[in-house]
Each structure stands twice: as structure tokens, then as C-alpha cells.
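What follows is the residue order along each chain.
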Amino acid sequence: MKQYVMGNGAIALGALAAGVGLAAGYPGTPSSEIIENIARNAGEGVHVEWSVNEKAAMEVAAAAAYSGVRAIVTMKQMGLNVAADPMMCLAYVGVKGGLVVVSADDPGPISSQTEQDSRRFADFARVPVFDPSSPEEAYQMVQDAFEMSERYGTPVILRPTTRVNHGYAAIETPESFHPKAAEGFIRDPRKWVIFPRASYLNHGRIESRNTELAGVLSGYRYNTVEGPGNAETGGKAIVASGISYAYAKECLGAKPPVRLIRIATAFPFPEEFMVKALEGVQEVLVTEELSPYIEEQIWKTAGRHGLSLKIHGKLDGTMPHNGEYSTELISAAVNAFTGLQTGSSPISTDDAPALPVRPPVLCAGCPHRASFYAVKRAMQGQKAVFCGDIGCYTLGNAQPLDMVDTCLCMGAGITMAQGFAHTDPDIKAFAFVGDSTFFASGMTGVVNALYNEADMVLCILDNATTAMTGHQPHPGTGRNMAGHIVDKVDIGAVLRGMGVKTVETINPLELDKATEAVRRAAQEKGVKAIIFRSPCVALSKPTGKHAVDAKKCIGCRKCIREIGCPALLYEQGKARIDRNLCAGCGLCAQICPAGAIGGEKSE
Amino acid sequence: MNKDIMICGVGGQGTVLASKIIASAAMAEGNPVHSAETIGMAQRGGSVTSHVRIGQDAFSPLIPYGHADLILSFEPAEAVRNLKYLHPEGMVIVNTTAMKPVNESLKPSGYEGETMTAYLKEKCCCLPVNAEEVSAPFGSTKFFNIIMLGIAAGSGRLGIGAETIAREMEKRIPERFLEANRKAFETGYRIGQESQSI
Ligand code: SF4
Ligand code: SF4
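The listed protein sequences correspond, in order, to chains A and B.
One point on numbering: in our numbering, the residue at position 241 of the first sequence is 241, and numbering is uninterrupted.
One point on numbering: in our numbering, the residue at position 183 of the second sequence is 183, and numbering is uninterrupted.
Possibly wrong hints are sitting among the right ones.
Unchecked claim - These stretches of chain B come out as covered by chain A in the derived footprint (C-beta under 8 Å, 3 or more residues):
#, stretch
1, 2-9
2, 18-28
3, 31-39
4, 114-123
5, 142-152
6, 157-167
Because the hints were derived from the structure by calculation, they are not lab data.
If you're wondering where the values come from, they're calculated on a predicted model, not measured in any experiment.
All residues carry an ideal CB built from backbone N, CA and C; glycine is no exception.
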């Protein structure tokens, strides 16, 4: 069966074709659609879940793999930090059923906090990593990764990058998928219980296995050499990996005029292959996004084998360390390196008129806007710090709200607010956290606050979904990835159970009540929580449009200056609401001093 | 056949449906196809692009600069933003109606669509289309994406048969909207054909 799918769909189908029996992950761009595609295509007997975070996903999957079931865990690169604890240990313990960890890297970064490189993580954990350069390859490689994982009893990382995850291609798959049969968990404490003695022994085994694997991978079908033979290299070769290989091919064509070496398995590094590929070569250009991992391996290889080799890449400043690569960037580097004339001459647009900037903003009618505004109004003139977190609500930093002072990593707002409160007793410390982030990594922070007597206001922005990554369900929504209706985990009850004495649930769209609740909470000592509950506007039906009564509008621009709803326009001295955009949240009507804004009828 | 087609605009304008139909129609005619879409936050009010790459020789998921045979732009500034992708012999079909940035009322940018369209006309082979005018018979601009698709097909620059596109539309568009979409496609197709004479 032929399916036209995005890279994430290809990874999902590849995992199913490999007989995966359990899939777990936590949403994160660019990896989110893998779990969704597995859920959509899986046959009977496959367990698919959105776990509460990546660490939970990894551990759930580890147990499946201990039982001989093939399991896949999916996350973005930031998630691998969260799952690092089980990942590092699991590398020592090993697995029985194949376990593939998909960690999607995000060069740019386009939607991440860092440009970290999961290939380095694989090296750190001493587990193999596969690096596809297209959706088609990702489909094959995830199956190869399962084979290797099972044969060598180790977790294996598949490391796609954004352009592979989000690129579309046609994939030929079997008609139906069946999970590979498993014998179940067989008790063996010496194997499955991690102890210093066992780790000492396993460490040695892992290193000799990796040496063996480096040899095996030297023959891997996706580690390839193209272009002129040894006599005709002109002494030069280009090395590429992942999507950089696709860009290099784009420049050089189906039959590269210069030697092109592609490394699809960065770790264990296929040294034997590389030494052969470099025969007749004195100078290489290494093109890889993120960190100079392969470049460093080539340095080591050259050192160990006494090759006299000039190596250009990130380390000598030829290629940039940061940012995404492109066909254009690689073409320029290739041309400078080889003297070839690759690439085309596009129309020059240096003389183009200034282009409008289109920054991301909170949607029209987004309840987060009302929550931020309520806190802003309540704390006007007081010394306060607003700790943000990861999600759509990071956009609360934009003008005119300007309500995010810090943003670090998942859940950090809650704990950072405590640090600010402890170091400045006069400051009112606020933490904003979304519902999904609260479950993923906010709860321990609240316990920390209670235990260590922090003074803080915890604002939970509960929009009943994981909006930023594409509206995945979470424990508070009452739905799971298996499509079942389940008991909602009630955030208020969780907080009360932990010992938070003041927990108020309010509707942020009732501005005065919300502002009052914030004022009250800010005056109290200790840990106070306000749950701002209102569903994501992208998922809820509009409640009727609002309109400005031009006769009443005094043109003061307060609505525009203070809340920044994209549906609010200003024309000929009056405010106007764009009907196509307005979601009818009513926030603007509550702040207009002239009472000029109302529901539909007032037009 | 080797063809690179870019569809661009602002999130929410229906560019994705147009690109999906082009990609599947090209595939239905037996071509290898790759494509890439803007995904994530930019989908709401931000600049969006779809890259559709038809043929054996496409390796990168994104069209390289100077390669696009056709740019279908749903917004004038977005056409200028992506003009670097156009092959010097390629063609831009552009909606002349500007979409102001979402924060326009807060921080006026002085952006006007006319400047962009004038610039495009000077720089490349450009077919300007006024979305509101061509959508008038349909009562709203809801079908403008399909009109654009029709123009592209009519211009002869897509290299895909109109019947193939019609069949793919049937697969992707719900029955009750199909008739209106067919009309929209035909309206566009005629405009595209007329453009061949200029
Ligand atoms: S009611 Fe006002 S604030 Fe709410 S979406 Fe409409 S214009 Fe924006
Ligand atoms: S706040 Fe009210 S009076 Fe002031 S511009 Fe907006 S609609 Fe007009």
C-alpha cells in the first residue's frame, strides 16, 4: 500500500512494519505526529500512549522491551534531557525486545530552546544512533534500528531533524501491521536490577560491543560513497550527514562530480568505512548541522591512522556552528571548496520594499490573554516577577501584555519563582504554567515550594489541551491516546492534596473577578494557586462576535494598547473588530471605558 | 517531469489544501513527489509556505533558490518574501489583496499591497489576481484557494491535467462543497488560460 505521509508518519509506519507493540511519547515539535500516526494506523494489540512526560514514556517502554515487546519512545531533543535518567541507565541494563528512542533535533532552532545534538547524547549514553536524510530513509532506518536493538540488546536512537520530520514523501507499506510476538517478562534480577557490580561488567561489554558495531556499521547500506574513484578525486571529498546530505545531493546532482561521503550512523563511528572512503583524499569539507560530531570523529580517525588530511568544517570556521543549513549554504561552501559552480542565480531581491513582519501572537480570543491581563492589572504598581514556562503562553511576552520575565525549560517557572521569592522578600513572585506542562513537570516544583516555605502565586493556565504542539490530550482532559474516556486528573484536587491551602478556580474571561482573585492571592503568605480555566479558543466554538459601536467609541485606543487582540483594528479614529477573527471572548468589552463594545446586537 | 511549485501566504488562507491537491494530482500522474509545509505556531497569522517538488531530481525537501517554476502567492508581500525561490523564467500568480500583520493596529507598519505588486511586475513574469473580484460570484473568498489552483492549472505551468486535479478535489473536498469548488476551479482555469496569451 502506498501512503503519502510526512516524515513523522514514515517513522510511525516503519515502527509498525517492524512489529512495534508499544509506543509512548510526549508531544514536542518536530516529533509530535509520530505517536498520532501510530495510533491511527496500529492494528489490534498495540498500546499507544501520550505519557505524562518523556521520562515516564521511556520507563513504560523499557518494561515492554524487558518483556520482549518491540517498543518505541518519541520526543523532541529537549525531551531527551527529561528522559536522560532512564536512558543512561537503560543503556547499561539493556533490553530484550527492540527499543527505539526517537529524539527529533531542531536546527535553527525553529521551535526549541536549544540547538543540542542527540547524536552526542547517543555517544554519551554509548548507544547506536541512526540519522535519516529523508522520510523514505526514516521508514527504513527505524526498522534497521529495531533489528539492531534486538540483536545487540541495546536501546537505539533514531535522530531525525525538523526537515525530515516535516517533509512529505510516498511510502510503500504492508497492507496491515501486526505486533511481533513476545514471550513476556522473565524474572532475572541479575539482569534487570541495576547494581554497581553489574554496571561495571556491563560497561566493559558495552564498549566491546560498540567496537564490534563500528565494524558492522562500516558495511551499513546508508553509509555511502559516491562520485569519482580514488584516482580522480582531485584529493577532495565532501562529508555529509542527515538533511545536509540531501542538500549536498541537491547541489551536486544524482552523479556528484566530487566524492561525496555520507555518514548515517554517527555513533558508533564506522571508522573502517571512513578510512576506505578517504582513500586518495587529502582535504575534506564536513557539512553537518548542530554540533561538529562527525568532524571530530574524522579528526580522531585521521590521528589514529596517521592520515595527512586537511579537515574543513565548523572547527576551522568554514561552516557555521549555529542555525539551520540549506541547499544555498552548502552550495556556497562546496563551490569555495571545489571550485565547482553549483547552485543557481536567483532573481536578486536586494531592492525589495520593506516586508511586513508577522510575529506569532496569542490568537484572537485566547483565554491566556485575559489571564495575563488580569494579573497585570492586579499587580500594577507593585514589585513583581512573572516566571513563564513552555507553551503557547510563552507568547504572553509580546507587547502589549509583556508579562513573561523568564522562561527556561519545562516546569522551571514554578521553581524559579521560589528562588526569586527567597532572594527578595519584597517581590511578589508569580509562576505561569499550562495544564499539560503542570502534569509533565510542575508538580514536584509545587511540593518543593510548600516544603521550603516559598511565598508565591501559582497561575495555572488551564485550557484543557496541549495547544502549542497541536492539541494533544493530557491527564486533565479526560481522554487518552487510545481514544478512551478516562477519569480526569483534577488539578485543583492535586494541589489541595499536596497541601496548597488556597486554590481558586476562576474564569479568566470574567475580568473583574479574576483580577480580584489575583489581588487576594498576592496578599496572602505561602503558596497560593489560581486555576484560570477556559478552553483553548482553537478548539471551542465561538460564542458570538463582538462589535464596536462607532457612535459610542471615543477613539481612546485603550482596547488596542492594552490587550493586543489581533481582531482589534483602528481605522479613522475609531476601533473596529474584524468579524472573521473575533472569537467573542468579551475581554475588550470589559475594558472599554466608553462601553462601546458589545455582543453582536450593538452593531 | 521535473517541477518545483511553491504555494505561500499567511496562515489560515487555505494554502495547505491547494498544495495537497497539487501533490496528489502529480502523484496520480505517476510522478515522484516530495513536499514540505510550515508546521506549528506560524500557522496562525504567520508567513506560511508549501514546497511541492515533482520529479526524480529533487533531493532537498525545500525548493532551492532560483528553482521554482511557479509561485502561487495568496498575499503580495509573501510573494516578494519568497521571490528568491523563483526561477528567472518562472511565473508568480499573486493575490493583490494585502493581509496586514496581526499586530498592525498596535504598531502600524505602513505596509501596502500595491508596492509589492508593482515590485513583482517589475521583477518577474507576474499574474496579479484580485481575490475579492474573482471571488465575487461566490459571495465570499472561501473558495479563493481553489480559484488559485484553477489559475495555476489554466496557465499551463503546473504540468498536470485539469481532469487529474478535478479527481483529486473530489477525494479531498466534502460532497456538499464540491459543486461550488468545481465552479471556482473553472473560473480560475479560464483566467489562467487567458493569461497564456500575455
Ligand atoms: S471579543 Fe474582543 S478581545 Fe475577544 S476576540 Fe473579539 S475582539 Fe478580541
Ligand atoms: S477602548 Fe472603547 S472607546 Fe477606546 S478605542 Fe477601544 S472601543 Fe473605542
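Worksheet item: Tell me, which hint numbers fail for this structure?
Response: 1, 5 and 6
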